[in-house]
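FYI, the numbering for the sequence shown is 81 to 1032, going by my numbering.
Think of the hints as simulated: they come from the structure by calculation, not from any bench. This structure is a prediction, so every number in the text was calculated from the model and none was measured. Hints may be right or wrong, so weigh each one.
[What the hints assert, rightly or not] Simulated pairs of lysine-lysine, DSBU-like, Cα-Cα distance not exceeding 35 Å: (1) K294 / K319; (2) K497 / K486; (3) K574 / K499; (4) K303 / K291.
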Amino acid sequence: MTLIKYILALVFACLLFMHTNAKGKEIRFQKFTTSDGLHSNVVYSILQDSKGLIWLGTKEGLNRCDGYQIVNYPLPQVPFARIADQRINALIEDKDQNIWMATQIGVVFLNRETGKMKYYLMPYKVNKAQSLYVNDLAVSGSDEIWAGTRNGLFKFNREQDQFEQYKHFPFNSETVSYSKGERLINELCFDKNGHLWIGTAGNGITVLDIKKKKKQHFRRSRKRKEGELISNYVEDLFKDREGNMWIATAGGLNLFQDEDESFVTYRHSEGNKYCLSDNYITAINNDEKGNLWIGTKKGLNFFDRKEERFYNYQHHPLLKESISSNNILAVMSEKSGSFWVGTMQGINHFSPNNLPFELYQNIPKNKYSLPDNTLRTVVSDKLGNVWVGMMRDGISHFDPLKKEFKTAKVSEATKRKKKHKTVRTAYVDGKGQVFFGTDAGVLKYNARSKVFENFTAKGKLIFQKSVFEILEDDEGNYWFSELDKGIWKWNPQKGNVELLNKEKNDLTNQNVKVISQVTNGDIWVSCHMGGLCRLKRGESRFQSYRASNQKGSLSSNRVYDIFEDSKGSLWIATSNGLNLYNEKEDTFTSFDEKDGLPGNVVLSILEDEKNRLWLGTNKGLSCFDVEKKQFANFYQEDGLQGNIFEYKVACIDTSGQMYFGGNNGLNSFYPSHFKMNSFIPEAEFVSYSNSGESGDVLQQKVELYHTDQNLSVTVASMSYWEPEKNRIRYRISSLDTTWTLLPLGEHKIVIPELAIGEHQLEVLVSNNHMNWSSTPAVLMIVVNRNWKQYSWLLYLLVLASVLSAGALVYANRRKKEERKSIKAKVVTKKAAPASKKKEWEESIKILNQFMEEEKPYLDKRLTKSQLAIQLSWSEVQLSNTLRDGLQISFNDFINTYRVNEVKSRLQDPQNKDYTLLAIAEDCGFNSKTSFYRIFKKFTDLTPSEYLEKQEK
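Required output: the full structure, derived from the provided sequences and hints.
Rendered as structure tokens:
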């Protein structure tokens, strides 16, 4: 039964995908509901203010979103006591950054400087409940506020601080009466000429020239003529990037033509999959290219202006990432390129520029699925076929067009077939021949018989162990690395074989994992945990490159890939970052997590047609724009097989499609479909909290008392394209010399205890692709003295003055009482360190755990600033923890670990062949003198005396 449900789900998914998106553009909708903090799942209006914050008008009140959390803004208790009255139909922002809300019973004004709200009632002379209803608001170029209601048009008079009825538009009063269709306004919008467009519920559109007090009507006649509105019931008015006016009606979509003042109509048509999904249009917005996103009663539509085609997105209960409801109420495009869609079932957020990943995994009882999720290599041949090597199931052939896998056959004559099932590497030579290295040697594909056969280089090579790498050089020689042997070099023309190894050719060890030839003919190889080796053309001995503490050295001896890009730059993937080789200086420059990599272990490298590098790492997939030094990172949540990728499981096929895999399947994607996010974000200080109070940050300033503890500031980057990937750096100018990078996903800065005075918190933010703000945002933190803390002292002074006028005898007794009181205060004050110590326990625990697990003390050049950065602490926090918490200096703290490490290694029998000085250097001591001095300081013994004592 479970299998049947699974198959049905797949069928429905495929049908929906084909129906909703003939173009194949996949959209993943992220949903927000009441469980995420919304007042209501019914969202009628959406606004992005000038700071970048998102405001949401719901059926039951106002919310604000900063990309990380949704905050509630309660409306004034009077007159909004009833939930039914709290519906917000429209939101606008004026030039002073204040927010205006249209509700069922009037207009609400939110002052952003003070955070206070004010309610405005429409000044009607007749008491009609429906007339209180405000449907829409608009702000003119001169900052005039206009309100469209069920009883006509109103303008806000700032001097009188009230709304006034606009007499040149239909309304009801004691002396005047108009039909509901004439006076009921649904939508307001200013066009590029400053004219106000008014959409009504039954009377079409009125365009007002406010300066000249002239108006023009556009209506559909009973028998509609060509070029007229499709319906007189207007649901939305929208001015696009080019100034065109679009009209959403109950009967279809209209585009206004300025030349002849006519309307182009777009409608749903049965049998046409490229048309609107429904004729009842509810909302309109556009993207950066001018294409439209259109809300209807039956789903969301994308309108490609060039192709004149509509693509539909609808809710499907079996697809978790489909839109949450087909009843669309609002659509808003924000500055960084993402979209917010209000529906009857919450907010839907999506980025149309997200890169879609295909995922291939093993599906039980499906013979065309990937046979085994544990991959070890992948390669594409010259015919466009993709070949996958697995850990247990041998070789599989993948057809990218059919998206089908087939297990490759191995010749019956092949010996050790079982060991051939464990694949280590793959290679396609200049002739298009496909080779696989396995635990039993090498297999070569016979295109005629369509089977893999054992390869022996015409009997010259009989492999006994695993083959981890294969290469054909520019002279036609073949290179094969065999476990524990080194490299076999075979010349097919001469028929001779040569073994290159450690003894004869200076390889760092016999286990070669990667072989690559660069443009100048040099051969670069990586040895297992042995760094890099380079064999220059015409030479017989390798030059080695090892990791060290020396500047410009290789960052790690674990090398997983060697890649020369299209510009001739040589890139090295290591377990400690990506390295760029400088031929002129013979040095390496490294990039790691601090620069934007998702993880420091880089396992594979590919290059796309835009010269960007794609990197498989231990914490996700990364696209590296080399020129801009900008990283875009992708994770399992984006559709990847997992966050850990395997080395050698990366290739590009003839169509430009890339493949990356790991231990949970294979991903494919087209890098040409991906565009880096060029939006430059700006930091916004959203809120703060401390032991005394919490609230929104107003006017870029926070004031607190020196007795307030645990101050934290919430920061948002105002970039909503995958906001969970945005990063934050900060420093406090009075304390820090370096920037602290918050962990991925963190947006709250915890401020250490500050001295009395003024301090500046400086913050830089990045978007999801590590594009950083150009200048830091600054928050002024003012720490005032809390005089209430000293109220007891003032009390004693007053009391002492009064008592001094009394009798001397009584004064003597009072002095004794004062001494007792002062003594009690001193005792209380002395007890403070015990309570203070509890505050340090958590920091000490984190510090000791980090030292034991990461062993940063092995770095000879470790400084306090570097350790603070590694801990994601400020330098002040580390100093306070050592001084007040552990009561030890930084140098003594580090040297304690180094001495203990030396003692531990001296007791290990495996280190008996190492000299004492070699062990000391490996443990972080930079000289023999300092080692002997420090060792004796901590043990009261010289290293020789300690060894002698241990041997006894």
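Legend entry - Pairwise hint evaluation, K291 against K303, where the allowed Cα distance is 35 Å at most: Distance ~34 Å between K303 and K291 Cα, so the pair holds.
Legend entry - Hint consistency between K497 and K486 [alpha-carbon to alpha-carbon, up to 35 Å]: holds, 18 Å
Inset, instruction - Would you mind confirming whether the straight-line C-alpha gap from K574 to K499 stays at or under 35 Å? - result: Holds, at roughly 31 Å.
Legend entry - Pair hint K294 and K319, alpha-carbon separation not exceeding 35 Å: holds, 21 Å
Of the numbered hints listed earlier, not one is contradicted by the structure.
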